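2 protein chains.
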Amino acid sequence: MAKIGRRPGETATKESILDAATRQFGAHGYDATTIRSVAAEAGVDPALVLHFFGSKIELFVSAVRWPFDPAAEVPRVIGGGDRGSGRRLVDLFVSTWDAEDRRNPIVALLQAAMNQEPAGRHLRDVVEREILVPLLTALGSDRIELRANLVASQLLGLGVARYVLGFEPIASLPAEAVIDLVSPSVQRSLTGQL
Amino acid sequence: MAKIGRRPGETATKESILDAATRQFGAHGYDATTIRSVAAEAGVDPALVLHFFGSKIELFVSAVRWPFDPAAEVPRVIGGGDRGSGRRLVDLFVSTWDAEDRRNPIVALLQAAMNQEPAGRHLRDVVEREILVPLLTALGSDRIELRANLVASQLLGLGVARYVLGFEPIASLPAEAVIDLVSPSVQRSLTGQL
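As they're listed, the protein sequences go chains A and B.
For the first sequence, my numbering begins at 2 and goes up steadily by one.
For the second sequence, my numbering begins at 2 and goes up steadily by one.
Warning: the hint list may mix true and false statements.
Said to hold, decoys possible - Straight-line alpha carbon distances no greater than 25 Å define the calculated SDA-like cross-link-like pairs of lysine to any residue that follow:
id, chain 1, residue 1, chain 2, residue 2
1, A, Lys57, B, Asp32
2, B, Lys57, A, Ile36
3, B, Lys57, A, Ser142
4, B, Lys57, A, Gln117
5, A, Lys57, B, Gly167
6, B, Lys57, A, Asn116
7, B, Lys57, A, Pro175
8, A, Lys57, B, Ala28
9, B, Lys57, B, Asp20
10, A, Lys57, B, Ala33
11, B, Lys57, B, Gly85
12, B, Lys57, B, Ser142
13, A, Lys57, B, Gly30
14, A, Lys57, B, Thr35
15, B, Lys57, A, Glu118
16, B, Lys57, A, Ala28
17, B, Lys57, A, Thr35
18, B, Lys57, A, Gly167
19, B, Lys15, B, Gly55
20, A, Lys57, B, Lys57
21, B, Lys57, A, His29
No lab work stands behind these hints, which were simulated from the structure alone.
Quick caveat, the model's predicted, so the values are computed rather than measured.
In isolation and in its complexed conformation, chain A is listed as follows (with noise of 0.2 Å):
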């Protein structure tokens, strides 16, 4: 039985466990991961999984890497003016999530912000406190609050029908016919009238 105090060797550890972890939950979904899967990949005892994160849920949350980080992302998104706004945002997701190749993290973080509280606060979290409000407040818009909550659901609702059911002819189009199609009305919920 492994050793659970702190010892030399605790960060590469977890590192260890992350890693594995974050490929799982992306290659196979948060179901089908399981605690004792990602200790036999990181070669620890699952207790020592439990031990360092507490929960699947909490091991879950650790390990999704949201793909673009939000302190250097948003600042381009603004960047070129308030007219072009919705489309570099759009562009950002939709660019990230297929470079990702589809099977990514986002994709397990949305099916897991189904299903378990903690997963849909972190995405929450991400997606309106880290990316949208910072983006219109640096736009000057009002109801930022609001403006936050419909251009996720337009994200979300995009990610869902392209990523996740698949939905054709979304899912198969170019990622420029996609940004041509849903910028506009993210244009409308970041700068428009209400």
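Dock chain B against the given chain A, drawing on the hints supplied.
Relative to the frame of chain A, chain B by itself:
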């Protein structure tokens, strides 16, 4: 052990299993409902549930009843003319979802659809084939499949934000306010320039 061959009362037994399943999936969601718990409420052996329905996901797809009849409601959405069709469609969804006390079979269907392919297929069949494609055909719109995808992603995104993830303020707004906010984008997807 209950006999599982065809016999008098089979229809009544199936109905009582479906009633229990509809109630439990609606009240507790897909994950927390089991073949065993449904069988217990219906007063039958779990093996009989599996005999009739094959698996939990097949039971779910049989038990989840869409809360309105598309064949009756789609003509009402079309009836008032093209211009208000987006508003009447959003009103139909929001009013129905609100009336069901938000712990309804549709929330369970959204949740299950994210993780279970048959539930995703069922959701797509109802929303696209039974509701949106007939509606768009009657409206005389071009690019019907694509428009159906776009409207579906807007309505599902709203459902996720308002009913599943509980984003504020959109989760607490009166139905009328939500309909005002979402209808213009839906109208554009139904009949506007893409």
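Hint check against the structure, violated hint numbers in rising order: 3, 7, 11, 12
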